[in-house]
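> Take a look at the letters that make up each chain.
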Amino acid sequence: MPQKHPDLKKILFIEDDPDQVFLYQTQFQNYPELDLQPVYSGQEGLQKAQEEKPDLILLDLLLTDIYGLEVLKELKQNPATQDIPVIVITNMFKTSISKECIKQGAEDYWLKTEMMPRQIVESVKKRLN
Amino acid sequence: MNLFALSGILAGFSSTVMAAFMFVRGRNRLHFLWGVFCISVAIWGFGGYQIATTADPEVADTWWRITHIGIILIPVLFTHFVYEFLQIKKLFLIVALYVIGLLFLVANFTDDLFIANMRWVFDQFYYDSPPGIIYIPFSVFFFGMVIYSHYKLWLAYKTVQGIKKMQIKYFLIGMAVSFAGGGLSFLPVYKIDIYPFLNILVFLYPIIIGYAMFKYRLMDIRVAARGIFIYAGLAVFAYAVFYLIAWIYQEFLGDVFSPQGLLAGLIIAPLFVLVLFGVNRGLRGLADRHLFSSLSNYQNTLRQLTRELNYHVDLDDLVNLIVSTTQRTLGTPRAGVLLANIDNDHIKFDIAQVTGFDEQNGISLVRDNFLTQHLRNTQKPLVRDELHLLIRDSRTRQEKEGFENLLNQMIKIEAFLCLPLINGGRLIGIIVLGEKTSSDAYTKEELELLDTMAQQAATAIENAQLYSQIQELNQDLEQKVEKQTKELQEKNRDLEKLLKIRSEFLDIAAHQLRTPVSVILGNISILQEEDLQDLSEEQKKKLFRGIYKKSRKLEAVIRNILTAFEVDSEEFSLEEDMLEPIDLVRLVEKELEEVRKTFDLQKVAVHFYRPSELFPPVASNRYYLEQVILCLLDNALNFTPEGKVEIFLERKEEFIKLTIKDSGIGIPESDHDRLFHKFSRGEKAVNTYPHGSGLGLFIVKKVVEAHPGGQITIESTSQNGSTFSVTLPIYKQPDPPPDRIQPEE
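Protein chains in written order, with the numbering used here: chain A, 1 to 129; chain B, 1 to 745.
By construction, these hints were calculated from the structure, which means they are not laboratory data. Just so you know, even glycine gets a beta-carbon here, dropped at the ideal spot from N, CA and C. Do not take every clue at face value.
Below, computed lysine to aspartate or glutamate pairings styled on DMTMM-like, alpha-carbon distance capped at 25 Å [claimed, not checked]:
1. A:126 - B:600
2. A:99 - B:555
3. A:103 - B:507
4. A:48 - B:600
5. B:597 - A:35
6. A:9 - B:534
7. A:126 - B:220
8. A:94 - B:494
9. A:73 - B:507
10. B:500 - A:65
11. B:597 - A:65
12. A:125 - B:504
13. B:497 - A:100
14. B:540 - B:600
15. A:10 - B:534
16. B:541 - A:83
17. A:94 - B:507
18. B:500 - A:100
19. B:603 - A:33
20. B:542 - A:70
21. B:644 - A:65
22. B:542 - A:122
23. A:48 - B:642
24. A:99 - B:193
25. A:103 - B:555
26. B:540 - A:70
27. B:540 - A:114
28. B:540 - A:122
29. B:603 - A:55
30. B:540 - A:65
31. B:661 - A:65
32. A:94 - B:529
33. B:549 - A:33
34. A:94 - B:555
35. A:73 - B:504
If we take Cβ atoms under 7 Å as the criterion, some of the chain A residues that face chain B in the derived model are [to be verified]:
36. 28
37. 32
38. 118
39. 119
40. 121
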């Protein structure tokens, strides 16, 4: 792990595909002020969000255990986590789903094939500043 | 008054009534001829009365000459009538008769050629005896023509059948009796002084013939009893009232023109009119009950009925109309309609409507088919009275018994007339009528009218039957349309559901395709954009491996989708030439190697229990079987977030059973059926198990069942894991065994 940055921002990444986790981790390592913490299931994500109180959550929708939208709802219902901004990052190209996510309190809805890893990191950074 | 006078006045009176009737009701030459004949007899009768009641030879002479006008015309008119009646056409003979008759008439008015002397006979009256010279040939002519005519009638009687025979019989009897009686009165002319007491028989002929007219429709003329009755009744009433009032005036009121007389008239006149109407109505009612109703009356009604028949399409209405109108018009309390019911080529007659008859009895008429056969053959109304004649004339014993049976049946149920309803040569029904209230016979006109009506009715009934059939058909059609609409709606719902599933599938498939693409793209962009020095060798390697892995995954997803479409056709089956021997143990091991890493990553243990014995190869196709095993493993992994997956092989006779058992979340039984459908996933699966394409099990089922005897089963309940078993046939050497097949595994 890189050294602790004075303005270190914690980003919780809820994603079940190890290949993708590795891909984004590789991209994020160039930004020492951004600490990407991956979890591989929804359940783990909910737990970690409450414990770690991250500055931002990146949420995949199709997870092995719980549907991402349900994770989002629970995050927004829990007073401990409801103020943490959540960005949905997925390959579900469905307007109805993206709208539903925004409605449920997601900050944004990003498509993995549309945004290259660098763009994603830049956008995260911009949003946190 | 002596007997000669009495017989004369009786004969004269009865003949006059008959003649009057003929002129009033008669319509054709036959009726006219008969009327004239009766007048000539009447002249003889009344003339005889005058002769019998005078003691003056001058007066007697005059009346003898007048009487002879009638006597001369009798043989002429009688012969003419018989010719007309028997429809013998000999114009020359008829003309000759009249010429001869004319000659005798002329002779009748000569001084002494015909009537010459008056002789006081029996101490009662003068007789034209002895006669003039021409009287002798006249006598011969008279008896000659009378006997000749009777002979002609006798001949006809011997040859004709049916009602005509009866008509001739009665006519012959009536005339023979009368001529025999009257003929004797010729004797005293020739000084054979036998009292002409048998002249009394002459008045019988109008009675006998009248009876035949009534009973056997002789000359087809109707007895206008009803009209005569009403007319005479009213006349008697008016006559009686007139004299009653006249008497009252005479006794109590004095002069008709006195004030009280005029005043009384004001009361009497309206009273009379009032009572007259009542009497008229009463007489009509009486006549309707006991006498014929007028022919024209029901001619009109039946015509109207015939017209009305065309407006009815409802069978019940129609039958009702026929029954009620015939009943009302003819005055028959009993009437019924039987209709043919064709049932498996067997024609059965059922009662459509009946009044007055007992239903059971109505059926008895047609029980033995004799009546229907008869009606079908003759296509004419059958009158009960004619059955006597048919019985007598029947040629075979069987026929005779049939008619006798029928007669008994008709008598038993008091049926008088059976009218066939014929349409297109087929007997479609029978109208059965009872006796008229008046007990009168059915006249020929009535029968013709009824026959015409029956023809119309038959057409109308057939139409109504067709109409009702069409209606039934319509109703049937409506029901069918309704059913099909329902089916369509259901299909539509199914389709909507299918579309929903399809769009769900597309979402998932798109996701399945995009996910590896996004990783490949992402990894490549890092490798491109990053300063490669910043990446460790390990990272680079991992990124490349990611690209490779996801490319393989992408390839698998594409293959999955393509295979799904390939096997999703009616024709898909593994033909014998597509089957090859495959060592299932080796294949499972090979596929397991492919996926083991994925299992490891998900921390799901996977174990293959190799069979201890050596299994023969299965008959399958490598390309498809690989996918089956991969799909089943993939499926097991998808349903098992954690735990283990076990694989077994066992031999079951000619099959090998591959079982893949997981300890995952299981599949509720309600989902089992649709599990193998295209684009279908378990209820929870859409949201919960994101990595299946929804096609895997569909492919497995299609491929497995394409094998001869191939089967797939699932045992699973919610929360208790799932066990999928696939049964595949053991490979057999084809007959004859071709040497090219070598197991390669």
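> All hints, please: hold or fail.
We went through each hint and held it up to the structure:
1. A:126 - B:600: violated, 38 Å
2. A:99 - B:555: violated, 31 Å
3. A:103 - B:507: Answer holds: residue 103 (chain A) to residue 507 (chain B) is near 20 Å, not above 25 Å.
4. A:48 - B:600: Given pair residue 48 (chain A), residue 600 (chain B) holds - Cα atoms ~24 Å apart, limit 25 Å.
5. B:597 - A:35: violated, 28 Å
6. A:9 - B:534: holds, 22 Å
7. A:126 - B:220: Not OK: residue 126 (chain A) and residue 220 (chain B) at ~124 Å, beyond 25 Å, violated.
8. A:94 - B:494: holds, 24 Å
9. A:73 - B:507: holds, 22 Å
10. B:500 - A:65: Satisfied, since the Cα-Cα distance of roughly 24 Å is no more than 25 Å.
11. B:597 - A:65: holds, 20 Å
12. A:125 - B:504: Cα-Cα ~34 Å, so violated.
13. B:497 - A:100: It holds: about 22 Å lies between the C-alpha atoms, which stays within 25 Å.
14. B:540 - B:600: Satisfied, since the Cα-Cα distance of roughly 22 Å is no more than 25 Å.
15. A:10 - B:534: holds, 22 Å
16. B:541 - A:83: violated, 39 Å
17. A:94 - B:507: holds, 7 Å
18. B:500 - A:100: holds, 18 Å
19. B:603 - A:33: violated, 32 Å
20. B:542 - A:70: violated, 32 Å
21. B:644 - A:65: Between residue 644 (chain B) and residue 65 (chain A) the Cα gap is close to 16 Å, so the pair holds against 25 Å.
22. B:542 - A:122: holds, 23 Å
23. A:48 - B:642: At roughly 20 Å apart (the allowed maximum being 25 Å), residue 642 (chain B) and residue 48 (chain A) satisfy the hint.
24. A:99 - B:193: Not satisfied, since the Cα-Cα distance of roughly 143 Å exceeds 25 Å.
25. A:103 - B:555: violated, 36 Å
26. B:540 - A:70: violated, 35 Å
27. B:540 - A:114: holds, 23 Å
28. B:540 - A:122: holds, 22 Å
29. B:603 - A:55: Given that 25 Å is the threshold and the Cα spacing comes to 30 Å, the pair is violated.
30. B:540 - A:65: Roughly 30 Å separates the two Cα atoms, so the pair is violated.
31. B:661 - A:65: holds, 20 Å
32. A:94 - B:529: Distance of about 29 Å is beyond 25 Å: violated.
33. B:549 - A:33: Violated - the C-alpha atoms of residue 33 (chain A) and residue 549 (chain B) are around 31 Å apart, more than 25 Å.
34. A:94 - B:555: Between residue 94 (chain A) and residue 555 (chain B) the Cα gap is close to 24 Å, so the pair holds against 25 Å.
35. A:73 - B:504: holds, 22 Å
36. 28: Given a least distance of 11 Å, the restraint on residue 28 (chain A) is violated.
37. 32: violated, 12 Å
38. 118: holds, 6 Å
39. 119: violated, 9 Å
40. 121: violated, 11 Å
Hint compliance for this structure: hints 1, 2, 5, 7, 12, 16, 19, 20, 24, 25, 26, 29, 30, 32, 33, 36, 37, 39 and 40 are broken, all remaining hints hold.
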